[in-house]
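Chain by chain, the residues run as shown.
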Amino acid sequence: MSDFLQILISGGIVGCIYAMAALGFTIVFNATRVVNFANGEFLMLGSLGLAGAIATAGLPLWLAVIVTILCTTLVGVAMQVVLLDHARSADELTLVMLTIGTGLALRGAAALVFGREVAFVQDFGLFPMILIGDIYVISQGVWIALTLVCVSIGLWFLFARTTFGKAMRAASQEPRAAALCGIEPRRAAATAFALAAALGGLAGALVTPISAAFYENGIFLGLKGFAAAVAGGLGNPLGAVVGGLVIGMVEAMTAGYVSSGYKDGVAFIVLLFVLLLRPTGLFGGTSVNRV
Amino acid sequence: MTGLLRLDNLVAGYGSLTVLKGLSLSVAKGEIVGLVGANGAGKSTLLNAISGVIPMRSGSILFDGENLGGRRAAAIARAGLRHVPEGRRVFAELSVEDNLRLGAYGTRNDGIEKRLPEIFEMFPRLVERRHQAAGTMSGGEQQMLAIGRALMAKPRLLMLDEPSMGLAPLVVAEIFRLIRSLRDDFGLGILLVEQNARAALRVSDRACVMALGRFELEGTGRELLRNPAVTQAFLGAVPRPV
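As you go down the protein sequences, you meet chains A and B in turn. With our numbering applied, the first sequence corresponds to residues 1 to 291, in that order. With our numbering applied, the second sequence corresponds to residues 1001 to 1242, in that order.
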């Protein structure tokens, strides 16, 4: 039993990271109706950026995290403003292809800038390791879980309570009508990319002490985030969080009880089952719109 | 008459297709100008060109003396020229109140708080639906909301695209009463595009019949209603034998 709980908690911590990756997909999808397959690279950049900022630039941890998030945010905004915005009249499939290409380019650029070695960063510290009976929660796990809670509350507040967040939702539902209300749809899109990239940078930085930084990490982080977002019901933030946690936990179960070799495939098995049983995802309702 | 809105030889279209082939028109404060014509005549395109949804190729659009050419749609909306698009286009997943508040996006908060009750007074049926998702309302209510949303920012000119489309006759009558009242009680300039030509011409001070991107006929609403060419083409009336 304690093995089971231990695996559940370890999986949940990784799941929190997947949830943040999934939220990145959700935010961008909600603002632009585009699935951004470069989202995983934001996490990879956060991870490598943090390692680089500490090892090479010698920054203190807190400053390194802030600098890393600012840099990934910049990359995200640039991606929208410099690239996608110029193709905004293209169909969605073209835009998705552009995001895949951007992902590849970011991966290559990261290999050039940060090298192809695995880099390590120590725990963020501050919180002690928590021991309940013989089940433990690592200190970095506390950081990750608390961050996910804060991020979720922050995003909920933004989109459900602030005029700016509602304007972003309006711009995604009816871009033309939003523009006729004085809302700039392109600003909403750039903001969404900024938020997703900042969140990716943060999640990537947080995961580095437990999984090390490597320029190819974005592939799996991105695909699992995507699986989590779709399993939860693409566009639903609560679904993204739950989807991320479920995939993290199922993955840990598979590694613990079956074989760690199957670990990386299990996210997609979960996704398949969810879509077979509920094609709109766990929390995806049918949208109501009378005409 | 200088006019609130003045178009001079406006040319616009989509891609290589020229839809509007040099249109000149003016709308004054407190005046309803109707645009009627068959499908594909370019009526909606004209509204889209004025509100900046599509760029214009040549000519000029003056609003209150300001040149709107080349401005973005959002900037034109904030300048006080509001376009209520065809098909209402309310923000379906947001509440009625949020839809209205977003209508005044970018204006000061205390202004919105003062304006909201005025709009609810104008559209009492929206009050009870205040917290309901806009997409769950009936077509008539959504049309009221779309107009209310445009009025939130106290525009000086309102452009309505097919406000009666797909609505029950009683609701259509209500919409036209509202359009009259916006002119008479609030002094708005209104550019009205309608398939329902008879109703549009009745309410219009002046009107244009549009075909293939040009104004074929212009006159007061009354004149056009009596014009046999108009009645034949749009009102389905059998011309009297001469």
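Derived by calculation from the structure, the hints in this document are not laboratory data. Beta carbons are placed, not taken as given, at the ideal position from N, Cα and C, and that holds for glycine. Treat the hints with care, since some could be wrong.
Said to hold, decoys possible - If we take Cβ atoms under 7 Å as the criterion, some of the chain B residues that face chain A in the derived model are:
#1 ASP1008
#2 ASN1067
#3 GLY1069
#4 GLY1070
#5 ARG1071
#6 ALA1074
#7 ALA1077
#8 PRO1085
#9 ARG1089
#10 PHE1091
#11 LEU1102
#12 GLY1106
#13 ASP1110
#14 PHE1120
(message) So, against the hints stated earlier in the document, which numbers end up violated here?
(response) 1, 2, 3, 4, 5, 13, 14
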